[in-house]
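Asks: Sequence:
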Amino acid sequence: MSVVAWVLIETEVGSARAVSEAVAAISFPGLRVLAADTVTGPHDVIARFEATDFDTFNAAMEATVGAIPGVEHTVTCMAFHAG
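Numbering (the numbering used here), first residue to last: 1 to 83.
Just so you know, the hints here were simulated from the structure itself, not pulled from any lab data. Glycine included, C-beta positions come from ideal geometry on N, C-alpha and C. Among the hints, erroneous ones may be present.
As the list claims (entries may be wrong) - So the derived label-pair ranges between C-beta atoms look like this:
1) Val-13 to Thr-52: 33 to 43 Å
2) Gly-14 to Asp-53: 30 to 40 Å
3) Cys-77 to Asp-55: 15 to 25 Å
4) Arg-17 to Asp-53: 30 to 40 Å
5) Val-13 to Thr-56: 25 to 35 Å
6) Ala-79 to Gly-41: 12 to 22 Å
7) Gly-14 to Phe-80: 27 to 37 Å
8) Glu-12 to Glu-62: 12 to 22 Å
9) Asp-55 to Val-13: 31 to 41 Å
10) Cys-77 to Thr-52: 17 to 27 Å
Take these sequences, add in the hints, and give me the full structure.
Replies: Have a look at this one:
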């Protein structure tokens, strides 16, 4: 069963676009970036991912999003049923 999640990302001032582009370019085995959008509101970037399983998703987030320069804080929202 695949895992679908949205990751809400707060960035350093002026780095939202670069972070969004870096997220969109993520390449990790078992993970697909479905969207990476710069947005208004309390978060600067919202990304949607699909992974083969939770362990793959967790490893991918630690190795990729958490390592992008300009990322200050993330909130992950896992889907129970993605439609």
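Asks: Give a verdict on every hint.
Replies: To see whether the hints hold, each was checked on the structure:
Distance hint check: the CB atoms of Val-13 and Thr-52 are about 35 Å apart, consistent with the given range 33 to 43 Å. Taking 30 to 40 Å as the suggested C-beta distance range, the pair Gly-14 and Asp-53 conforms, at roughly 36 Å. For the hinted restraint 15 to 25 Å between Cys-77 and Asp-55, the CB-CB distance of approximately 18 Å keeps it satisfied. Distance hint for Arg-17 and Asp-53: a CB-CB separation of about 31 Å, consistent with the stated range 30 to 40 Å.
Our hint of 25 to 35 Å for Val-13 and Thr-56 holds, since their Cβ atoms are close to 32 Å apart. In this structure the supplied range 12 to 22 Å holds for Ala-79 paired with Gly-41, their Cβ-Cβ distance being about 20 Å. Against the hinted window of 27 to 37 Å, the Cβ-Cβ separation of Gly-14 and Phe-80 comes to about 35 Å, which satisfies the hint. Range check, Glu-12 to Glu-62: about 20 Å between beta-carbon atoms, so the 12 to 22 Å window is met.
Against the hinted window of 31 to 41 Å, the Cβ-Cβ separation of Asp-55 and Val-13 comes to about 34 Å, which satisfies the hint. Against the hinted window of 17 to 27 Å, the Cβ-Cβ separation of Cys-77 and Thr-52 comes to about 19 Å, which satisfies the hint.
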